[in-house]
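J.: Sequences and hints are given; from them, build the entire structure.
Protein chains: 2
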Amino acid sequence: MNERKLDFLFKPRSIAVVGASDVPGKLSTIIMDSLVDSGFKGSIYPVNPKHQTVRSLKCYPSIEEIEDGVDLAVFAVPAPLTPGLLKRANGKLKGAIIVSGGFGEMDEAGRGLEGELKEIVKNGGPRIIGPNCMGIYDSISKVDTFFLSRERIKRPKRGSISILTQSGSFASTAMDELAAEGIGVARLISYGNRVDVNESDCLDFLAGDRATKAVLLYIEAIDEGRRFIESASRCAAKKTVMAVKVGRHAEGALAAMSHTGAISGRYEIYKAAFKKAGVIELEGYEEFIDGCRAFTMQEMAKGPRVLIITDGGGIGVAIADACMDSDLCVESLTEEKKQALKAIFPPYYTIGNPMDLTGSVNDELFAEALEKSMEGSEFDMAIVAALWGPPNLTDRLPGLLAEKAERIGKPVLICTPGGKYTRRKKKLFEKRKLPVFSSPESAARAASVLAGKKGVKR
Amino acid sequence: MNERKLDFLFKPRSIAVVGASDVPGKLSTIIMDSLVDSGFKGSIYPVNPKHQTVRSLKCYPSIEEIEDGVDLAVFAVPAPLTPGLLKRANGKLKGAIIVSGGFGEMDEAGRGLEGELKEIVKNGGPRIIGPNCMGIYDSISKVDTFFLSRERIKRPKRGSISILTQSGSFASTAMDELAAEGIGVARLISYGNRVDVNESDCLDFLAGDRATKAVLLYIEAIDEGRRFIESASRCAAKKTVMAVKVGRHAEGALAAMSHTGAISGRYEIYKAAFKKAGVIELEGYEEFIDGCRAFTMQEMAKGPRVLIITDGGGIGVAIADACMDSDLCVESLTEEKKQALKAIFPPYYTIGNPMDLTGSVNDELFAEALEKSMEGSEFDMAIVAALWGPPNLTDRLPGLLAEKAERIGKPVLICTPGGKYTRRKKKLFEKRKLPVFSSPESAARAASVLAGKKGVKR
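These protein sequence lines are chains A and B, in that order.
Note that the first sequence covers residues 3 to 460 in the working numbering.
Note that the second sequence covers residues 3 to 460 in the working numbering.
No lab work stands behind these hints, which were simulated from the structure alone.
There's no promise every hint is true.
In this list, chains with the same sequence are indistinguishable; a pair is considered to hold if it fits within one copy or across any two.
To be verified - Derived pair list, reagent style DSSO-like, types lysine-lysine, alpha-carbon separation capped at 30 Å:
1) Lys428 <-> Lys156
2) Lys278 <-> Lys215
3) Lys159 <-> Lys304
4) Lys422 <-> Lys7
5) Lys241 <-> Lys304
6) Lys144 <-> Lys422
7) Lys43 <-> Lys422
8) Lys278 <-> Lys456
9) Lys422 <-> Lys159
10) Lys7 <-> Lys124
11) Lys13 <-> Lys422
12) Lys28 <-> Lys422
13) Lys428 <-> Lys159
14) Lys273 <-> Lys455
15) Lys422 <-> Lys215
16) Lys435 <-> Lys374
17) Lys435 <-> Lys156
18) Lys429 <-> Lys156
19) Lys241 <-> Lys94
20) Lys60 <-> Lys340
21) Lys433 <-> Lys156
22) Lys422 <-> Lys339
23) Lys156 <-> Lys144
24) Lys124 <-> Lys304
25) Lys28 <-> Lys344
26) Lys28 <-> Lys429
27) Lys429 <-> Lys159
28) Lys428 <-> Lys28
T.: Next comes the structure, spelled out in structure tokens:
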């Protein structure tokens, strides 16, 4: 087991960009832009024998020529050149991120190059992330090696979730979507073919990272199963750890193999490993995003018992169905509580689970119904379907619900499917830390994630 | 079986609004606004003994005072007044939509009122939609009895899908979402407690309706099972018929009952009825919306065999997983086709299923890969995951893909998860009739709907 700390990767004092350029469209140009524009505070050293300066910074012919030591070098040069350059830089360098493709994922020659990289690490060379990866986006240290223009792929704000992924496209897509949705991340690591640093190394680092409250993994395959279980268990003892395993079906496994050259193994083995390590398994991209949204604004729930409150009966029933499909409990209120609520609210409210307040509801009654029905210990969380059609609901509703949610002390999720007017109101809820889901199913997925996916199997 | 035609409900020459008003916020005011502002071409008769005019139209004290006959009257008066008013109008009226609540869904007295309404129909009175419903939104005749302001709930443009639903909140939410997504509908009927007109009557009407190409039902419960199977079968012989059954689980069934007062029955019975009638069963709200989107822009597929093409490997694998979760087939290319494609495309493309064109792809190669890999009869449809991160993709891509899709003659779905830049590009695809899905799972749901949900059970 490799116990060396990875601080120099996430909090480097200096970064060299090997193959640096300012020719528009080149990978290394985008990386230079990202580092300079994102506000990275350490030293940036462009390295390229063809240039004197890059983006007004002195450009070095090689890493060896840089006077000071370098914490991290990003290699954006053709695959065949990489091992040689890395060897020559040995001693100067603590860590390397190799973003280039053309390695093990492509052909026999590429697998040979990966062998050379592994040798370098084994002989005391720098730790390596990649090759065939996006590297690191760190919202705290501002390290950003994602070679995707910020016009096309936005970076999320600072948050408490860290994401580990083998796939660069998954990483960048999720990053862009989270940014658009206003969901923050702490650190995002795309490690690609992982000749060295893998999910377990990152889990070890994140277990001790104060900026990270939850870790989400996108896994195609794991090399060292035992070590993963150890690292994941240690991390899960301190933080919430969730994972999506792709290539679950035989055909998907084949595709995952050709993609990063790793063998995915049988899905059942992963399932067992997640369970053993206390990792919450997410079922795909949607659950990944829904989970991030829920987790960013709410705490984990104590159990799977959901109360549904709605101003539209049909949507309430659809949420109940979706919750039960996700193995959550949607049980009725106690007879005692029913009677108590019937005494307070109008006779045409349906007092049950779902609670249907009908289209005549107003802001105050909605908030009061939430508080009163969540009193006691019957339910672990609430899904509030506040459809905006009913004419008496105003912009005061989100604030009133948020006050009650705070008093209740249990997760409250908002489910508001609909069109333009409804979508505009989303921000009012999210400002008050109430996460908004735009379909019955996505609210149920989020609730199920907050319950640790520990529902009742039907 | 009731063979009387329902044309007067969907294409009325005249509409009376009973309880008409122009006091802001009242249901009947919103209905008057909708009818006047939506461009309904027939006569509109406000009816209310308290007013002389409503929205500058002559207001009648009662339906009986209207000189001409009335095709359709909308009743927006308190439940207890409704049967009496309806009885008095008998002979003057072909159809009635009762939007008011306070009937069978509330209490014993309400059930009594419903009995009176049934008597009126039985004795040759007008056909009734409702009570406790939204009524009709018809994009062709411009009948719109949905008492929800157009500011909050937008109406969809004209399209070829008709929607039948027991739940008003489901109807209005879906309507608003479809409008925001630019998906059109033909006719939308919310029939609520259905003392008379039910899903089978509507299916009979829609079977012969030239404006309707597909029918989607949202079902809480069905009263007359045998008749439903007959009507649905007849309709499904001519058009695509799809249905969501909610209240599938025991608890959800209870909620559905209290909502419209109907008994939902056992889910397995519905499943068998759908199968017998040739109705495609949808699994919830998301599949309902995804199905509408896919069906509006593409034809049904001949089978469940999907080819996935992507410029990001990880998202490709996630789509493959989602497809297989939805029982679709994701099988590899024949060895022969693989060799042929390998000869054309760069060596770092993964030729398989998914096809991974990597981040270096450009517009032309993307389109060519779609065409070449869909040649022959191996696949029934394609999912194209065009992630916008790769720098060489331009706004020309959607047009090029659309041209190839037309030549291929099989459904092509676009899957582009992501943030702002990606979401802006959605319109470029949809202008060219390529439906866009924003997650691997939603693309898979849509593909599964286009395959008639006839996948391979795993």
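J.: Enumerate the violated hints, using their earlier numbering and listing them in ascending order.
T.: Hint check: 4, 19, 20, 22, 24 fail, others pass.
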